[in-house]
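Generate the whole structure from the sequences, applying the supplied hints.
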Amino acid sequence: MKIFSSVNDVKDLKKLLKEAIDFKSNPYTHSELGKYKTIGLVFLNPSLRTRISTQRAAINLGMDVIVMNMDKDGWALETRDGVVMNGTTVEHIREAAAVMGTYCDILGLRSFPKLKDKEEDYSEEFFNKFVEYAKIPVVSLESATRHPLQSLADLVTITESNLVKPKVVLSWAPHVKPLPQAVPNSFSEWMCAAQELGMVDFTIACPPGYELCNDFTNGATIVHDRDEAIKNADFIYVKNWSSFEKYGEILPVEKDWMLKTKDLENTNNAKVMHCLPVRRDLELSSEILDGPNSIVIQQAGNRLFSAQAVLKNILENI
Amino acid sequence: MKIFSSVNDVKDLKKLLKEAIDFKSNPYTHSELGKYKTIGLVFLNPSLRTRISTQRAAINLGMDVIVMNMDKDGWALETRDGVVMNGTTVEHIREAAAVMGTYCDILGLRSFPKLKDKEEDYSEEFFNKFVEYAKIPVVSLESATRHPLQSLADLVTITESNLVKPKVVLSWAPHVKPLPQAVPNSFSEWMCAAQELGMVDFTIACPPGYELCNDFTNGATIVHDRDEAIKNADFIYVKNWSSFEKYGEILPVEKDWMLKTKDLENTNNAKVMHCLPVRRDLELSSEILDGPNSIVIQQAGNRLFSAQAVLKNILENI
Amino acid sequence: MKIFSSVNDVKDLKKLLKEAIDFKSNPYTHSELGKYKTIGLVFLNPSLRTRISTQRAAINLGMDVIVMNMDKDGWALETRDGVVMNGTTVEHIREAAAVMGTYCDILGLRSFPKLKDKEEDYSEEFFNKFVEYAKIPVVSLESATRHPLQSLADLVTITESNLVKPKVVLSWAPHVKPLPQAVPNSFSEWMCAAQELGMVDFTIACPPGYELCNDFTNGATIVHDRDEAIKNADFIYVKNWSSFEKYGEILPVEKDWMLKTKDLENTNNAKVMHCLPVRRDLELSSEILDGPNSIVIQQAGNRLFSAQAVLKNILENI
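Chains as they are written, first to last, in this note's numbering: chain V, 111 to 428; chain X, 111 to 428; chain Y, 111 to 428.
Check before you lean on any hint, since a few could be wrong.
Note: identical chains are not told apart, hence a pair may lie in one copy or across any two.
[Unchecked claim] Straight-line alpha carbon distances no greater than 25 Å define the calculated DSS-like cross-link-like pairs of lysine-lysine that follow: (1) Lys134 / Lys245; (2) Lys275 / Lys125; (3) Lys356 / Lys372; (4) Lys145 / Lys125; (5) Lys112 / Lys134; (6) Lys124 / Lys287.
The set of hints was computed from the structure by calculation and includes no laboratory data.
Okay, structure coming up:
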């Protein structure tokens, strides 16, 4: 693996899952693999789980880590070509990515979408240019439209339950701010891939107008009735996202989509997932988060081993 | 040791002091103890000495270090339970602490008091909740009411002088901003413990209205006449704090409490201490700071070995 | 070497260049030299190349690295002596530098000039005081008037071309903001030293009023006609700087000083250099930056091995 930005970058999904789960039992089996190798983690946006879990994953593999908070520690980046840089941007991504590519062996990049121009965000221009100019392996730490390290950890969490073809439901949730579609896009993309392998049965529940981009949901069952969707569910993945159709907008929603304990009655005692950070009692009820059905901390914990499996695969191909 | 937030967390104070002093001579005696262990240092406030000395202490023990500037690199934290998170806080401490606890083996936490609500600050709600949810060993890097790594270094500094039962005076100093009581509370708590062991004779000098909370000063002699207090003193610990009684306020003070060289005349050629950062010629005169009686740099240097002794004890109990 | 701030700190320039070039082929020949040694990198200003390349250089030598973003993670520093610190500065450089000197084995310091007071900037007061109080080896990561790690990498880049006494031209370029003279001062200082050793032939081209301080240009040919200057040039180093004479000002310039491909016609197929970050199509044309004559990424890549050679020399003298 040279680039990790999507499930399509994974040659053998089941093998990758097994490697992640193996690291959970034995984190130090490859603690010499990363010797003399440095990963640079480049953040254009805040990060807690991704920041710490990827650092620890690299450490467990014997790598060195350099963290770069690009906006605060470095220079404001220009991404457009052909513009006279006489404004506020100080450095072009062409140089910045190329230079970091010379100092590091692997780069990780976090860059959120602006949620203003659908085409710009969905072209993944920033991530793709970074990859092009860096010329070394790059791991997405969440890009405009995907969060693959999160999705891998999500699938690890579902897989380690050992349920046979569990019913997995991605369920939209309310929020006060317009959020990217990266996490649900990515989750859907990975679940559809897992469904093709016979690993899960995947449904998306969202209010009308909140349908995700088709490119990511191919194979998923999409319904607007949340209660209907979660019947017999084994896993409910709760997540807010802003509208893809009316790009980046928050649409009026009639029903109360925040999941509560009583909503779990008709499920198969469903485990509840969320990528975190979660706004309590807005996106998801405290009673669920603090109750026996929540597996959000286990899920977040799997971020570490998922990142470690990805970095292992990249290190083996350097 | 699993939690280090107070002198009460220390089973054998003399042993801990000896370990710190031993590290000063031989920093690498335990350089393999922390192999495969990572400490996460979580800062909600600025830090120079604590930040660097704790990193170096962990490094000397063979640990890996991940630094998290929570407010800048991560998400604004909610601490209250039962609130709908539809405001500015993005993540609840319940999840944030639990997640960091899964990625790290030890956590360090710095969180200042708000100095608005005495009960809230003195309940140590934030630190205690962090400990509760993190579920792994936690070291205070200064909390609302205590700064134990500082106090341990202070006691190391006094101990390594080899004076028999020296007279130690904590002396209030002026400032332009209302500062927490954490450093003086903690210093007093540790000195009272050392006094019980017959190691020091401890006095606090402060203007009326600046008495510290009783919980921390039990056993100390408290006087309002500074000149009287420092008579025959071997160590004068200069520090500003805001009023505990009129919580967080700066009260009018009649005399000039800034220590000058001539004030040392009736002392036992007292060594002058300060936790730093110090505002020169406001809290403490430059003539003292630059003169032979100041041991503030030696004192700051001992932060490293104190942190190393604490981390050693925690590592031995993981 | 104990201090690295200028070419004058280098005993044997050719040996240092060779060591840097050797590290480029074999980065891990001294990977145990820095064991048990920690470098603290202190930034008062943004940094990308210096930040990452110096970290990687230290890592390659087996050192541990602690990064301190002084203004954001620590306290605002006072540098003046004899002032009552009742304003916005929280800590004096006397204490801050001394304390960091006790926790680290080597320090790196980045501090830009304010460009308001020529005498203050050119006294290098901040860097010099930091060195004085830190009492351990200090590497300049760019100071008010010099950027020696950049200049060493520049000379490495020119040297590894294996041209015999190449013609090197430092060519002023336009900008929208007043920039320090540190990079051109330092480049000129190093080129003049290399010229004395018979390694290069050095010319500076700048508009009238943009002459650099004599202290750094002793031995250089200084011309105001850019086209004349770059005739038969082997290397053109493009860089903006603000006026030294009218200190920190941007002066009106008649001709278009931005280098374009057609300007290279009368050169010796000159390689084009820039320290980066570069504002495209303002300082330097995209056609050159993206064309075959640009060696800016190679040049930036050499920052790593230059820093590694410097740190090696310091480590060997600790």
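* To do: Find the hints from earlier in the document that the structure breaks and name them by number, from lowest to highest.
  => Hints 3 and 6 are the ones this structure does not satisfy, whereas the remaining hints hold.
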